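Visitor: With these hints in hand, go ahead and build the complete structure from the sequences.
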Amino acid sequence: MKSTRKDLGSYNLQVIETKKFRTLTMRIDFHSPIQKNEITKRNILSDILLQSTKEYPTKRDMIIASENLYAADIYNHTQRVGNYIMTSFILQVLDDKYTEKGNFEKAIEFLGKILFDPDVEENSFKEEKLSIVKKNCSVALSSIKEDAGEYAFIRLKEAYGKESPISYRMMGYKEDLEEITGKNLYEYYKKMLDQDFVDIYMVGDISIDKALSILKKQMKFRKVKKKKVPYEVEQKPLRKKKLIAREKIENTQSKLAIACPIKKAKDYEKNYPLVLANIILGGGVDSKLFRDVREKKSLCYSIYSSYSKLDQMFFIASGIDRENYDKTVEEITKIIENMQKGKMTEKEIKVAKEFYQTSLTNIEENPMSLIREYLTQALTGLEPYEERASKMNKVTKQQIVRAIKKVKMDTIYLLEGEKNEDN
Amino acid sequence: MKIIEIANLDKTCYQETLKNGLEVYMITYEDKKNYFISYATKYGSDILSFEVDGKLYTPPLGIAHYLEHKLFEEESGEDPFTFFSRSGTDANASTSYDNTQYICLGTKNFKENLKYLLTFVNHPFFTDKNVEKEKGIISEEIKMYQDIPDYKLEMTLRENIYHNSSRKYDIAGTIKEIKKITKEDLYKCYESFYIPSNMFILITGNFKIEEALEIIKETLEEKEGKLLPKIMIPKEPKEVVKKEETIYENIEVPKIGYAIKVPKSSLNKKGVERDLYLNMITTILFGSSSEFQERMRQKKILNDYDMQWEEEHSYKTFYFFATTTSPEELIHEIDYEWEHLALSKANIDRMKKVWIANEGKMIDHIEKTQANFFDDIIEYQKIIENRVPLIRKITKKGLEEFLEKIDLSNRSILKMLKKEEKE
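If you read the protein sequences in the order shown, they are chains A and B.
Take the first sequence: its position 308, counted from the start at 1, is 308 in the working numbering, and no numbers get skipped.
Take the second sequence: its position 106, counted from the start at 1, is 1106 in the working numbering, and no numbers get skipped.
I should point out that these hints are in silico values taken from the structure, not numbers from a laboratory.
Check each hint, because a few of them may be wrong.
What follows is a set of in silico ranges between Cβ atoms, one per label pair, in the way DEER data are often shown [to be verified]:
1) A:N338 / B:H1123: 28 to 34 Å
2) B:L1408 / A:E187: 47 to 53 Å
3) A:E179 / B:E1078: 57 to 63 Å
4) B:N1130 / A:N338: 24 to 30 Å
Keep in mind the model is a prediction, meaning the values are calculated, not measured.
We put the CB at the ideal spot given by N, CA and C, even for glycine.
Guide: Following this line, the structure appears as structure tokens:
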């Protein structure tokens, strides 16, 4: 496996050359500092680009074209990465060895058309296509409460702090949806192409020279850009008293979500001890939360914690019976406080390190995790995974305790199930 | 040992049957670093009653799933998760209608982990106390699903299709039923269905065949071969229970469920060929590149959908679930499509190309390969090694002949509307 990164002025190219996979994977990431009122537009734009091109006037034509390229998968995904919004266009297709010569380049050409030759007339996306994607978006926004766990998270983040990008709804907003027209969407498209930072990744049996020669032909990024805004979200001042927010829902189960910001952690702590602290706290079926809250107290089926370095935050989530709210929060609080007092065994630390090592080994087993790895390295200056393996093994208990002391329970959100059905 | 070459995919499956009837399937990948082990029984929630000592025995609903949870109890008090965690290995289990499987996914300690997986599944340890403890956890699991509208839609549709079949019940049972479960029930089911001739092992990834076999033999060969008990399969009438129904739920956008219950006796093919034919028909009719989908996009009435064929004892049942702003119109459109069944050669050939390419992508992933062959063993009692040639053999004429005999008359249609619309 050989990885090469090149700054080409208008975009960065990272080629991970390996014979490990039968597929070639390419991802194009567009990054720009996130603006709350642009999220919806961003979603609509990435959807409409996949609806049609000048050459393929309907979505059906588009899908048939990709099927004819030996089932080339082309899809997109928009997410928040710290202070940025990042839209990715992903292409995954079997290597030419398993299809026919030139198939990969044709697939890239197709993706190029999607990005650079959209189905527009007179500097405007077509209203007819726009209404299709707007309708889908509007239905998804209306159904937001159907995934109660996800909805609880959204509301937790809003309760935590409306001004923070952490609280932005990545599904978008109804009021912004209404404002979108074919014309202003086209302007936004132009802006994305001209001003966004672009990264291109390729994984598979391909050399950097071959990749460059294909991209030169098919991808026409021109502008040179420089990044200004940092990726890491700046933290708001801590609350003196915990905020507890509640909302009722017509469900049988209640969803508990907790935000725990991390105060003034050093880079080393963010990359090492805090990662282990999260695994020990709620990273899996052998974690403290799972053991105590689920297995010992039978309070829930699902409970876990997660750690976002760019948001400088631990999140905890569980599905509980509303009568057990106090008991559950008390239990979780006790677990965190005990960890802060040093109550964790060397065995637990060793297990957490083992899970971390497994995750490092698995990076090379999947093209998308390789891409995620190199993206994280580029954004946060994280050391290469080969180096992290030995560094993580040297983390001491003292360092973990010191780091978790910086994790503060700040906002608790309960989506309270009102139905009581023991059928 | 049987050597099965998987046609067109450059992969080999090694198969061995132990003296007691247990089957072992192994697929190795030298270029990967991870491995995936499943130890499974062909016992799931499908088995409602069976004979024990000459008497008919009907355990509470949801017992197979409950049993899966409780096998993680060890006499030593050590949780299996703790064992696997020591080497950073992920372990899990799942129950479905026709099987229960215990898995581990790791990158090291292969031999120890394999031995442990087989050993813990082979050593049930149920006490009144540990059986009682699980009731709270599984109740929360059941509630978690019950709150999901899509789940409610599917369960209601199942009740409307099946009179007596096990497929009308939730795999996890109901809270009322699981509260009745005792350790005696668990032992009875365990002794009857966790027997070598009803179980199998499937391993995919980086490991040595000889080492795996040695461990399997030394751990399992002495396990006594027993015969399966007599199982009562309820007689399921041809007609659906309800042809249509409307239910009202706490949702914003309506949903529909559309099912066709097809007697297997009306199909002129069996096994994997029959399933390929059925899937080909519905992919062409309703898949992402179908004319139907394009029409629905233009009309903007299909916002999200999912379809599948279910394998029941005597029936193949087609399910189509959708979120739609126009339930009536959508149902009419689906009916129309079935009535005007049109399969062009171009569409068939393109789908064949797509399916063959997808087989190539599948074999690249350990998890996908594992899932694919696992399903083969459950559905067809063997690994399907000639799927690519079978796909190549599908013809327009063959499909038309297949369609001539098919009985599509038993449909059940369910609408789920917003509660406020009830008044």
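Visitor: Would you mind marking each hint as holding or not holding in the structure?
Guide: Consistency of the hints with the structure:
Checked against the hint of 28 to 34 Å, the C-beta distance between N338 (chain A) and H1123 (chain B) comes to roughly 33 Å, which is consistent with it. Evaluation of the 47 to 53 Å hint for L1408 (chain B) and E187 (chain A) yields a pass: the beta carbon distance comes to about 50 Å. For E179 (chain A) and E1078 (chain B), the hinted distance range of 57 to 63 Å is satisfied, since their beta carbons lie about 59 Å from each other. In this structure the hint that N1130 (chain B) and N338 (chain A) lie 24 to 30 Å apart at CB holds, the actual value being about 25 Å.
Consistency note: the structure conflicts with none of the earlier hints.
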